[in-house]
Amino acid sequence: MKVEQLSDGIFEVIIDDRKILSTHNLYPGHSVYGERLMDVDGVEYRQWDPHRSKLGAMVLKGFEIPIEYDSHVLYLGAASGTTVSHVSDILTDGLVYAVEFSPRTMRDLIKLCDQRPNIIPILADANQPRSYAHIVETVDVIFQDVAQPNQAEIAAINSKYFLEEDGHLMLSIKSRSIDTVASPKKVFKDEVKKLEGDFGVEFEVLQRKELDPFHEDHLGVLARMFVEDEA
Amino acid sequence: MKAVTWFGTLKLSENGDVEECYLLEKDTEQLAQHMLLAVENEELPTHGLDLRELALACGFVELDEDYDVLLREICIKAAKRQISMTDTDDKRIIQAVEAMDDVDKAANELSERLTEWYGVYFPELELTAESMARFVARFGSRENVPEDHNMFSKASSSMGAELSLVDEDLLRNFATNLCGIYDTRKNLEQYIMANMGAVAPNLTNIAGAPLGARLISLAGGLKKLAAFPSSTVQVIGANNALFKHLRSRAPSPKHGVIFNHPFIKGAPWWQRGKIARALAAKISLAVRMDAYGGKLDPSIKVNLERKVESIRKAHPEPPKKQSTKVTQPGPGRAGGRPAKKRGGQKKGGMNKGSKNTDDRSGGRPA
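Chains as they are written, first to last, in this note's numbering: chain A, 1 to 231; chain B, 232 to 597.
Okay, chain B solo, but in the shape it has when bound (with noise of 0.2 Å):
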């Protein structure tokens, strides 16, 4: 028997006694190279060996010592080495999903921030978000705004406070900063834009780019999104709806963040499951492709709005209720779910589940 180890190739006989050995040289950079590409060769031990036995039985090493250290230097070589090549294109995308959610979540903090505090010396000034934070970093105190500027009138008649120069400063310079937060974000929004094509095109050609970085994100990759089975891709995102009705009695959940998708937006709340099958169906066979070499097929995008127009001609009206419960059409509610299913409807289950309806589409941004 051949076996392949760290320090060579070794041959074997049935008592596992060895009979040859073609040792590598002692050179680590050699070594750890050999250790990877090891990883791809048949001839791996199919069994545990003793490896320490061996080297020395084979002379690669003297002492127990020398075999420590020599593969310990060698496998943290290899792992480093590892490592930094595992810089992909879709980890990069999940960065900057992330990063953006990071900066929208400091923005919305910030920007409150600057409302409140701004409000004392400009209280009639009407923006919100960016377009005040633009304002106050170009300004600073309302007595600075020109006669031509259209806030000018509201400007001179404020019932504000006075601002002094150390705060109009600081003011000023928290706004600049938080200008620079919403120029961060518009960056993150346009890499994810131009990459996401060459990274995933048949994804992006189907869900856009927005939503197709946002899957990879939750998913953890693009291979990891390709092994999903296309009913995970369809509630990824809606993990507390989904675990709640793994549990009790609630129903489960339609869509995950695919709901930010304009074919399940922009449909009437019956025909939302359906097409969120439909589309997690084609987002998964195109995410295989992106994943697996494929280039851009768009046959998959034709194919499905055929599937979805037919969806929509087959249920052109809302289902007849069966229960004579009033329900509220929505897109939080299962609409038209039949009541023979809801054994225990007075009992609590029920209530509970018709309370919480808005978490059912937990992916959905508010």
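With the rest of the complex left out, here is chain A (with noise of 0.2 Å):
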């Protein structure tokens, strides 16, 4: 067995040819979500599927993943910590910032912040980031992956809150919360205009790809905040 890194936190491990996303275990022997243990020289990996998680192929898409071991993220959408289980694997010495709407799934949630000491849950609505401004710090990195028709506002304003000058932005637009009948390309560039300039945000977007085969009708967005020019 060998170990490919491909970036910060997140590695290839290589079984018969066949390479495995996955990420150190920061809470080694226990599974998250029922997925595979991989022990490779005494260090344990935890196999991330790209099909459940949006972060996950986003890797496998070719993103540059711009979370870093100490990063400081806000995660919008944290549903019952699929990904932000992997998220706080990567940050072994940063904290990541769990949103979540649904009391139900925050239930399940609440469970992976006990093992883990690095994910911060916050029940809250992120439509409303005003509602959480007084526990949120400014953040190097914003990830999202909510199913809402205003997507593109709710990182914008997120954004506005809390990315920090130059941090970067992951987002995960899923057409279908927009609108179901119309073509999900055009509901795509809609989306990423959007985001780019409605909102009193500025963003360059640095990479856009869609997520097939691991998700359909879904487009991955990297975009870095625009500084405000003082002058």
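Hints are computed from structural coordinates only; laboratory data are not their basis. Among the hints, a few may not be true.
DSSO-like mimics (lysine-lysine), calculated; alpha carbons at most 27 Å apart, straight line [unchecked claim]:
1) 233(B) / 160(A)
2) 311(B) / 111(A)
3) 209(A) / 160(A)
4) 308(B) / 257(B)
5) 242(B) / 111(A)
6) 242(B) / 160(A)
7) 322(B) / 111(A)
8) 552(B) / 538(B)
9) 308(B) / 336(B)
Fit the two chains together into the complex; they arrive one by one in their own frames, and the hints show the way.
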């Protein structure tokens, strides 16, 4: 078994010519959602299923992942914590603020938080960044995976509040949540355009790719927030 | 500028420096309570702050790690408290409605099995579903049916196979469990009947407890249902038909689950769409009163009845067809729909639409 590092904390374990996306398990011996655990030279790796995680799919689609060992990440739409657990694996010296609106999925997320010291759960509506402005500090990266019709707006207002100058935004846009009927290509185009200028924050889109075959009708976007020019 | 943060209230100068700070005590219970109450506070930061820097600057914590550990502990506490407060009355109704669906599914499956299985030993028994389960649970083998029972003659002359003791035990146990499931269903039904009046008095008054509960369940909560426009209320539960309408030429659905209301169910097909609209409008009105603390207002129901009556009077006869095509009047058809709206009648879209008319009132139980 061999291990290749793709970026900070993200690895590919190679078994019989098969490459398996994985992260270092921060809580060894425990699997979060039934994923495979692999031991390589005494270090435990946790398989990362790109079909269940937009971020995982973005890694395999060749996105430059801006999350580093010591990043502070704001994660919007944490759900029951499948992806958050891998972000937590990566952030050995960092912190992730996990915002989720549904009390039902928050129940599962809290169980995860109890096991891992670097996840901070927040039960709040990502549409209202002000309702958690007294909790969340300025962060390096925002990752967003919410199934809402105003995904670009949510990303923009949260960036305005919490993203540091030059910080990165990673966004997964689900076209079916915006318009079930229109063609995804058109929805993506409109949504990215909205993101780039409609909400008083400007972004430079660095990468954009559809996330198929892992997720149908989803677009991954990596953007950097522009620093406002004072002069 | 004053800003409330999770560790205290800060007074900041124009360029973001701390002028004064009122720190809270490092008591996790109190901090969690403060964190929850602060959401209502007018003085929440209007833009993002580097809270970590500020906390260090004020001396609330001395090390980065202390900040992480404390904040994490408090956030988990606060979130747990929020979760424990989410069990509201309408959520309980939703659980009951969904449990009822599950129970129905299970009961159907098990009773089919029982019919198949017991049929081998007593094919003449013409009972179905619950009455059959009760019969098997009570007697087991047909040899145990007493002389004064109305099945006695059938039981004694049955062509069914012999039932061994072991099999009889097994079957009887199976039937007893099934009876328990039927009992559970009754309990759930009673629970919904008894509680809907308190959760949503106006909705229950107009739609009845079962339909009202179903609407709340499909919407995901009383407040959510209240936020829906009444055109959505009209077609909740007809999802397949609605999306088909949006995607292709299929006609729009006239009603979703509200079809189960006697006003619509009992109306002739040409009045149903109109009554569905009126009913949905009044349901919206009623739900909004319920969701925002209103008391029972009987006038909504009176107005609805008046409106429905006027629809009946205005449209006593089925409309004349403009199209020469013979259409079967029925709940699934858009009767009297002007033919001109269908540009491509001879093309695929139209045929597709008429083949699958059953889907149009998708919320109606089979």
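### Holds or violated: residue 209(A) to residue 160(A), with C-alpha atoms at most 27 Å apart
Roughly 24 Å between the alpha carbons, so the hint for residue 209(A) and residue 160(A) holds.
task: Could you grab the alpha-carbon distance between residue 233(B) and residue 160(A) and see if it respects the 27 Å cut-off?
output: holds, 19 Å
Note to self: Run the distance test for residue 242(B) versus residue 160(A): straight-line Cα separation, threshold 27 Å.
What the structure shows: With Cα atoms ~21 Å apart, residue 242(B) and residue 160(A) stay inside 27 Å; holds.
Item to check | Pair hint residue 322(B) and residue 111(A), alpha-carbon separation not exceeding 27 Å | outcome: holds, 22 Å
| message | Against the 27 Å threshold, does the CA-CA distance of residue 552(B) and residue 538(B) hold or violate the hint? | response | holds, 25 Å
inquiry  = Does residue 257(B) sit within 27 Å of residue 308(B), going by the straight-line distance between their CA atoms?
reply    = holds, 14 Å
*Is residue 308(B) close enough to residue 336(B), meaning Cα to Cα at most 27 Å?*
violated, 39 Å
Is it true that the CA of residue 242(B) sits at most 27 Å from the CA of residue 111(A)?
At roughly 36 Å apart (the allowed maximum being 27 Å), residue 111(A) and residue 242(B) break the hint.
Decide if the proposed pair is consistent with the structure: residue 311(B) and residue 111(A), CA atoms, cutoff 27 Å inclusive. Distance ~10 Å between residue 311(B) and residue 111(A) Cα, so the pair holds.
When held up to the earlier numbered hints, the structure conflicts with 5, 9 and fits the remainder.
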